[in-house]
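There are 2 protein chains.
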Amino acid sequence: MSVLITIGREFGSGGRELGRRIADELGIAYYDNEILEEILKETDYSKAYLQEVSESRPAALFPIHFGVSWGHTYAPLNQSMDVYAKQNEILHKLADKSSCVIIGRAGDYILKDHNPFKIFVYADMSSKVNRCRERNEDKNITDQEIIKHIKKIERERKSFYEFYTNTKWGDKNNYDMMINTSNQNIKEIAHLLCAMIKSNKNFQ
Amino acid sequence: MSVLITIGREFGSGGRELGRRIADELGIAYYDNEILEEILKETDYSKAYLQEVSESRPAALFPIHFGVSWGHTYAPLNQSMDVYAKQNEILHKLADKSSCVIIGRAGDYILKDHNPFKIFVYADMSSKVNRCRERNEDKNITDQEIIKHIKKIERERKSFYEFYTNTKWGDKNNYDMMINTSNQNIKEIAHLLCAMIKSNKNFQ
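Taken in sequence, the protein lines are chains A and B. With positions in the first sequence counted from 1, the corresponding number in my numbering is that position plus 27. With positions in the second sequence counted from 1, the corresponding number in my numbering is that position plus 27.
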């Protein structure tokens with residue numbers, strides 16, 4: 028029996044580390060930036076461009092007749108829709124290949140036909156700031172700067188998710204389980220979740 | 028090491044059954060209507076009255092000076108605040124006594140100093156309707172009637188929770204874990220959660 032775990036996450040909540048640890052402990056594949064690498068292989072886009080658009084909503088929304096009425100299409104919108112389509116195709120390919128953990132990219136929605144176990148990871152702001160500070164090289168960065176960055180990334184994830192899925196990012200109804208990592212040890216939570224997943228008869 | 032598990036739940040989500048099964052499997056106490064029985068023993072209120080007010084917000088909110096300016100207090104409001112205070116006291120007493128599962132009654136908030144593992148259980152409307160139908164004796168009841176009843180009970184729980192805690196019922200930030208029971212087998216989820224709780228070194 029194969030298992031597909033999708034993880035949506037607030038920035039700084041430790042969702043990525045959680046996914047990595049679950050994949051390691053269960054001995055299954057893990058895809059996060061690996062998804063970008065796959066798109067890179069199959070398209071002419073630059074890595075920097077892909078990083079920018081792969082979890083962002085297209086830069087602006089234009090009326091559907093915009094391109095038509097002027098006889099041309101709006102290139103940036105077309106390009107990011109193209110990246111989204113490619114990402115969509117690659118997510119399906121990866122999920123078909125073997126059991127895996129997929130981080131972000133609306134995997135829960137795009138892969139709904141694969142019956143994923145959909146997790147959303149969140150935390151309070153002070154825990155997120157602490158996690159970001161631990162992994163930030165600039166030790167002089169202020170809490171205010173970190174909070175601003177967290178909010179910016181989360182706005183992008185939210186816009187991306189809501190643009191492509193037409194449902195709310197972080198809304199409990201989109202997930203099977205939501206996990207609060209505030210003041211929690213991610214390694215411990217990952218281990219507990221693995222105990223739970225291993226006890227699930229669908230994964231034996 | 029003792030464990031305290033509080034379970035908030037949407038009506039028909041199976042939260043009560045989940046709590047009962049977790050308590051049984053872990054061999055710890057379970058409190059739901061038992062809390063009312065305790066209040067009954069210690070007060071003169073009738074069971075019917077307690078059932079009505081124990082998870083409802085006071086019937087109406089009056090300006091704080093209402094009673095004072097007219098030289099008397101507003102009895103129904105006073106009574107339900109009295110039941111709340113008694114319930115509060117009993118919840119602390121039960122949590123002090125031994126490991127347990129506590130259903131509803133803003134246990135997560137009232138017992139926050141006991142460091143509970145706070146679960147919220149929810150499901151989509153059709154799953155909730157199906158669960159309600161299974162346990163309803165009236166086989167002629169329509170879906171619309173069931174939905175109306177679910178919404179009524181949830182409005183009461185929401186008002187109760189928000190009146191006493193000043194935070195939002197069902198808001199992910201109030202819980203450690205949120206579990207979607209739509210189309211899920213509660214027995215199976217309970218077993219998985221127990222596997223997880225048993226793996227937690229704080230409970231060994």
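What the hints contain is simulated information worked out from the structure, not anything from laboratory work. Source: prediction; values computed, not measured. Check the hints yourself; a few may be wrong.
Which copy? The list can't say, so a pair holds if one copy fits it or any two copies do.
[Said to hold, decoys possible] Here are the computed lysine-lysine pairs in the DSBU-like style, where the Cα-Cα straight-line distance is at most 35 Å: (1) K225 - K166; (2) K139 - K166; (3) K225 - K195; (4) K175 - K225; (5) K179 - K199; (6) K139 - K214; (7) K166 - K120; (8) K166 - K113; (9) K166 - K124; (10) K124 - K175; (11) K113 - K199; (12) K113 - K225; (13) K74 - K195.
Hint by hint, here is what the structure shows:
no.: 1; hint: K225 - K166; in the structure: neither (40 Å within a copy, 39 Å between copies)
no.: 2; hint: K139 - K166; in the structure: between (41 Å within a copy, 34 Å between copies)
no.: 3; hint: K225 - K195; in the structure: both (30 Å within a copy, 34 Å between copies)
no.: 4; hint: K175 - K225; in the structure: neither (39 Å within a copy, 39 Å between copies)
no.: 5; hint: K179 - K199; in the structure: both (22 Å within a copy, 21 Å between copies)
no.: 6; hint: K139 - K214; in the structure: both (27 Å within a copy, 24 Å between copies)
no.: 7; hint: K166 - K120; in the structure: neither (40 Å within a copy, 47 Å between copies)
no.: 8; hint: K166 - K113; in the structure: neither (38 Å within a copy, 50 Å between copies)
no.: 9; hint: K166 - K124; in the structure: neither (41 Å within a copy, 47 Å between copies)
no.: 10; hint: K124 - K175; in the structure: neither (38 Å within a copy, 45 Å between copies)
no.: 11; hint: K113 - K199; in the structure: both (28 Å within a copy, 33 Å between copies)
no.: 12; hint: K113 - K225; in the structure: within (32 Å within a copy, 43 Å between copies)
no.: 13; hint: K74 - K195; in the structure: within (28 Å within a copy, 42 Å between copies)
Checked against the numbered hints above, the structure breaks hints 1, 4, 7, 8, 9, 10 and satisfies the rest.
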